[in-house]
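Colleague: Take a look at the letters that make up each chain.
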Amino acid sequence: MKSWNELRELRASAAKEIALRNPGASAAAGSERLHVLVCAGTGCTSSSSALIMEQMQQQLTARGLDQEVRVIKTGCFGLCQKGPIVAVYPDKIFYCHVKPDDVGEIIEQHFIGGQPVKRLEMNDIDEITQEKIFDIDKIRFYAKQQRIALKNCGQLDPENIREYIARDGYEALAKVLHEMQPQEVIDEIKKSGLRGRGGGGFPTGVKWQFAADQPAGDKYVICNADEGDPGAFMDRSILEGDPHAVLEAMAIAGYAIGAQQGYVYIRAEYPIAVKRLQIAIGQAKELGLFGEHILGTDFSFDIEIRLGAGAFVCGEETALIQSIEGKRGMPVPKPPFPAVSGVWGKPTIINNVETYANVAQIILKGSGWFSAIGTEKSKGTKVFALGGKIVNTGLVEIPMGTTLREVIYEIGGGCPNGKKFKAVQTGGPSGGCLTVEDLDTPIDFDNLIALGSMMGSGGMIVLDEDNCMVDVARFYMEFIVDESCGKCTPCRVGTKRMLELLTDICEGRGTMETLDELETLGKMIKDTALCGLGQTAANPVLSTLRLFRDEYEAHVKEKRCPAGVCKKLLHYSIDPEKCRKCSMCARNCPVGAISGVPGQKPYVIDHDKCIKCGACMETCRFGAVKRD
Amino acid sequence: MGKLNEQSVQVIDRIVDRHRGRLGPVKLMLHDVQKELGYIPFEAMEKIAAASGVSAAEVYGVVTFYTQFTTEPKGKHVINVCMGTACYVKGSADLLQRICDLTGTKVNQTSADGLFSLDATRCLGACGLAPVAILDDQVYGNATSSTALEDRIKAIIKTESGVQ
Amino acid sequence: MTKINLKINNIPVQAEPGSTILEAARAAGIQIPTLCYLKDVNKTGACRVCTVEIKGAKSLGAACVYPVSEGMEVFTNSQRALEARKHTVELILSNHCGDCLSCIRNQNCELQKLAQQLGIRKVRYEGEKTPPTFDEVAPGIVRDTSKCVLCGRCIETCKKVQGLGILSFINRGFNTKVAPVFDKSFNDVNCMQCGQCVNACPVGALFEKEDIHRVIEALNDPDQHVIVQTAPAVRAALGEEFGLPIGTRVTGRMAAALRRIGFDRVYDTNYAADLTIMEEGHEFIERVQHQGVLPMITSCSPGWIRYCEFEYPDLLEHLSSCKSPHMMFGAILKSYYAQTHNLDPRKITVVSIMPCTAKKAEVVRPEMRKDGVADVDVVLTTRELGRLIKMYGINFENLPDEDFDQDMFGQYSGAGVIFGASGGVMEAALRTVKETLENKPLDSLDFTVVRGMEGVKTAELEVAGMQVKVAVASSMSCAKPLLDEIRAGTSPYHFIEIMGCPGGCINGGGQPIINASIRNGFKPIDWKKERAKALYDEDALQSVRKSHENPQIIALYDQFLKEPGSPLAHELLHTTYSKKERFK
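Chains as they are written, first to last, in our numbering: chain A, 2 to 629; chain B, -1 to 162; chain C, 123 to 706.
Any given hint might turn out to be false.
Subject to a maximum C-alpha distance of 16 angstroms in a straight line, what follows is the list of computed EDC-like cross-link-like pairs (lysine to aspartate or glutamate) [what the hints assert, rightly or not]:
id : chain 1 : residue 1 : chain 2 : residue 2
1  : C       : K702      : B       : E44
2  : C       : K235      : C       : D221
3  : C       : K251      : A       : E501
4  : A       : K420      : A       : E466
Just so you know, these hints were derived from the structure itself, not from any lab. Just so it is clear, the structure is predicted and the values come from calculations on it, not from any experiment.
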């Protein structure tokens, strides 16, 4: 394509191809009657969505329906808990937990018979009317959401650029190239109030301005897709479901700062996302949307993928740059900031996937539209990955300012099995915990920081009464110790020492002094570490120490783990009154720690041998085994 | 160190030539060698060093920094157990232990018979299915309640152990 | 450019734009402790010892890397900064083996000094330590990672000075170590064993392989006739081991000390340097006159020889076939000296005091033996000699100046002395070659064009009507361009001097360690220049300043070797080289 007009023409023809999915669509192009969207995100793929798609296609072809019903592979719908998910348009039917064996029934009953397969439909009851909800948009999981970054996820085929173009794809790029000066682009982003979605929340437009202000010459645009926070997977879903949105934004950023080359730095652990990016870049290049003289303008821009290789620290921007350069991913001190001296020593901007996913829409709909969403200082929406002890695990995108309660209870459905909510961990290894008391706080960058946590990349791990907060803190510290690059002393040695102190506490060797030491050391690491990751490494510990000090104290004073998680502090015993002398426990004990005489002598546990695995408790049918 | 076979040497040479002259080629080459040979032999580091103008020690420094690069061949079947937060709070540590026992492998090592490599990995981003494990690129979700993964491992042991 | 105004500890300070807080503070006379920082070599902000409080910043900043800015307010000694510094050093100590009393760097250790300076009385943290590597396989250098503080100074030194990068950080996090590829021994990789990394190490993680015990053994063996020789550069630095100012020449006291230790003969390698000039000068003239391989490159520096065998094996024929001076001396001692004294060469122990760790690797080369007898038996570094003198309780500072033994080899020319500084071999050779070819006394003996501490020096001189182009390089990063020219066939030079260490032997890897406090100090001392000056001063004092005029050299040829390049000279004084695989 050599012009904006050509792009518009292409859009007009492509729009017909997806018209069935538009709201209120009835008549479709050609003979197509139904679009069947099968989720091909990582979650659903792992529960055989590929097989479902294959079976669907085969059976449709066999029945001669393949002209009427089109099967489309899409990105993540967000509701991973219910996967694999199949959505049918224009009927707006949402099937959950679909198995390959269900395909025949869906075709027979729904596609041919016109009657949706009730037992597979999303089971959601409207609170007021008490009626079952069928319409996708009204399903409670989605009703509170506002999808900007996830706009196209689950709506289109990420491996077909025509579908992206049909949904206004590359229109924003065409617009900036033809109608806006680079500074105007930056101003628009600044006015929108968009802040970095990767962790720090730095204003995106300001970052771009720094790079734009550097003398002309080689500059670079990087997309940080090294999503590493355990429990966060929104970037992966965006790249899998809507790769072009990110690529288009990178080109816009390139135009704004005067860069001609972009890199997507992505974890090698995301093979599907990598593949879709490769396809997307290839298709965009073929259409002339990347390369020389894009859409007939003087602007040239190219994008290359660089793979991560398993190092969390590479999510830190200076480490990421080192890694792109082929080196050990060890952060370097700032200043100078990457906007001044980044990859290959040139001015570089680095934004995260979700940040980019907002850009094209800001350009098209205007900064005013975007800044109307959210809170005073946090504009727009944020995607969260709900995980842990929550009914609806998955991805949700909510306007900034939504309360935690809305996210956890209304969207997420609360803790499963009637367990009591204890805390939600946000910000991953750099973040902290929020408790019941924080449920009504509107979520935005500044509120989370004020509460001693942070937005981070948006992982939200829900913890219930069965989770030990000391154990959770220890988990994060272990993660940090594994992932510390080893460059600076506080992080390399300090986090190791913190982990040792935490292990002492979990294993009954801790004292009240251990808690003080932990706190002092944590604060010291925060104050002295070289990079952002090191400086925040102690946060999960400091946060739990502050909020759940009683749990820590139970570990050190009473040598007791209230949640019953820390094995070394557990104590199993058999109630001789309840013991029926059946010998089941003894036979299931992996270390032979239980003795007794079948039918004669009650069984007892030898505590020196017991490894606290809990097998006896699980096997005892009479509730004779106690844990305390 | 044993000498590398001719075929592998050719693979390395081809990879090195593919990326020669590119900016920051070391990791690009390492990725391809890891992918094609399953590990990064010493000879590859030497050749990569020579072609990219950094020292062999530095290449080795890069290899040992990233967990996805290995200097020894992986087992025939690779199992990754996710140790991300969502999986951890849903019991992935226990899952890992069970798989250790089942395969006779230690974490981040290869079993003596070369049948399995077992890695505890960072968040695989499939938190909705926690706890998650991957065996030979097949993802197994909800691996505490489902026995699919363990069944598959047992099947592998039954059919392949001792066959090598 | 306008200066930046800032305040450090409430004192107004002006600094150059682009300078760091550390630089600004030092310029203003304010000391901030450092560990990983090494001026011009390592500036990574890794150790966090130099953290300071910066007003308005949310965390502390590392002064060594943090750029100054207008209006900045810095507090180097606030309680927060002091406490952080202390914690940091304690954390380092918690992963440090801590056997200070038996450490080679005891009392000369930067970490020890820091702990002392910060008033650390108890290390608050204890726990697991990183599994260490101890490598003492290589003849020259020992690596003990249990003491390593991961400052990276050695890594950067090897990379920047030698362009080699033998060392790198390996693994990550708490398992990070500094190691050669595959954590191999220095012996099994393309390491020159120059010891520059040792000189950069703030602690005892890298050090020379000690051979003092072998010397003591020989001295106490009644059957052994023990001869010591000292390289020119040693006299310019040994005094530092005893607290004398850098550049103090201690030739006479050193000879006195060696005699008191009990060596049977105390000689000066300078004599052999003169011998080297005779052979090398002759070889050069031969090559020029008989279309031999040019440029010819000097072969005195065993680090350089190793480098050439690893990295430029195609250029080995450019190397002079001459052994290095102390090896020549050893060969003469075990042949001519043995004969004249009616001694079994097996009963002679030759000890060389060298500024060099690579010399320890040189003496074990198979080419350096004759009939199973090594030319030189033991090499001690300057530092080891310092320790030996202390061990023997000799009051070095108050020793009288004494001469070397004058019997056969005690005399040396000024040309021999300057071997210890970069350009010295070239200058010495030029004195002899020019005078020999022109057959008339030189107008001036000082070829100052090849003097100085620059990495590469070139000159063009007229010698007997011919334009001779020479080049002098010290350190491999400086030599590399010259070698690449030769490889490409474009080298304009006839004669090149290459020394392994920057500035030549005076800055060798076996010399007293110049601590970071001096290298980074308020008024940095150019220690290389000071030490070189000591040698040029000694040259100027000599009555004989040309190698071929050394009467004892003339006598050696008359009575034994016949003439330079004679078959006997070749047998004893020349050697061969061979390509070496980089990795074992």
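Colleague: Work down the list of hints and note, for each, if the structure agrees.
Modeller: Hint by hint, here is what the structure shows:
no.	hint	in the structure
1	K702/C <-> E44/B	15 angstroms, holds
2	K235/C <-> D221/C	15 angstroms, holds
3	K251/C <-> E501/A	12 angstroms, holds
4	K420/A <-> E466/A	7 angstroms, holds
Comparing the model with each earlier hint shows no violations; every hint is respected.
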